[in-house]
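Visitor: Fit chain B to the given chain A structure using the hints.
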Amino acid sequence: MNHNEEVITLQVPASAEYIDLVRLTLYGLAVKIGFSFEEIEDMKVAVSEACNNAVLYAYGDLDTGMAAQAPQPAPLIEVRFVKKNDALSIIVKDDGRSFDAAAAAARAKPVDGGSIDDLQAGGLGLYLMQALMDNVEVNCEMGTEVVLTKRLVKSGEL
Amino acid sequence: MTQTDKLFLRTENQEGKCIVYVGGELDLESAVHMRAVMTPLIELTDRELILNLRELRYVDSTGIGILVSVLKARHAKQAPFSVEAVPSHIRKLFDMTGITPFLLKQA
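The listed protein sequences derive, respectively, from chains A and B.
By the UniProt record's numbering, the letter at position 3 of the first sequence is numbered 3, and the numbering carries on one by one without gaps.
By the UniProt record's numbering, the letter at position 19 of the second sequence is numbered 19, and the numbering carries on one by one without gaps.
It is possible that some hints are incorrect.
As the list claims (entries may be wrong) - Below are the DSS-like pairs computed for lysine-lysine, each with C-alpha atoms no more than 30 Å apart in a straight line: (1) LYS92/B with LYS105/B; (2) LYS92/B with LYS32/A; (3) LYS6/B with LYS32/A; (4) LYS6/B with LYS109/A; (5) LYS92/B with LYS72/B; (6) LYS77/B with LYS109/A.
Treat the hints as calculated values from the structure; they're not laboratory data.
Just chain A, same shape as in the assembly:
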């Protein structure tokens, strides 16, 4: 961290009902920084995907209707918004089971041509993060940390 960075930290219970709160916070900050409507929509989806993964895979969650898995006590998601001169990084961190980022990245892809039978109902989250952000890093030591970065292109500077 250097003095050109400003950090806003939000900690929410790792539950589906708080992910919109993360989006609202992101929206407020991104507007203040000067991102465009389209860039903000992109970031909202990417950040939500990272939070979805934390809720679904790191801790398991009853909300999805999947089999109950022993939840850890009061699991949390920490979201750090790091405002830099020329970019915004959003770090989504959980302390749950690490997911296999390499395997997930290999699977992360859209439908390419093909038929309806080739469509997958799941596994699009990481692909969307990569497609919507300028940079995505996944660190899997002690839980999972996803670092999403969007560059700020100020109008008039092009």
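Guide: Same frame as chain A, but now just chain B:
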């Protein structure tokens, strides 16, 4: 968890058509509501099933996954399904994930 008002669903039955107007936010939280409404409608093979997304403000991979599930179920039953009035920022996600040609009727 309390019932959320974030997703609005209104079903309209017309001659040979069932149109579901989807509004608000379709995310991990509201997905349960969406699935519950869609499940019985998938079985209505005697009419066309259409989702109108004009008032949909937000969707992520959870919502896209539901659309893909409905699409596959309807395809298996050889029953028509399509999506209409897709807002541009949502269309962008459909394009990125490659599902647009399967969801939108050819113009």
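Visitor: Report the numbers of all earlier hints that the structure fails to satisfy, in ascending order.
Guide: Going through the list in order, the structure violates no hint and respects every one.
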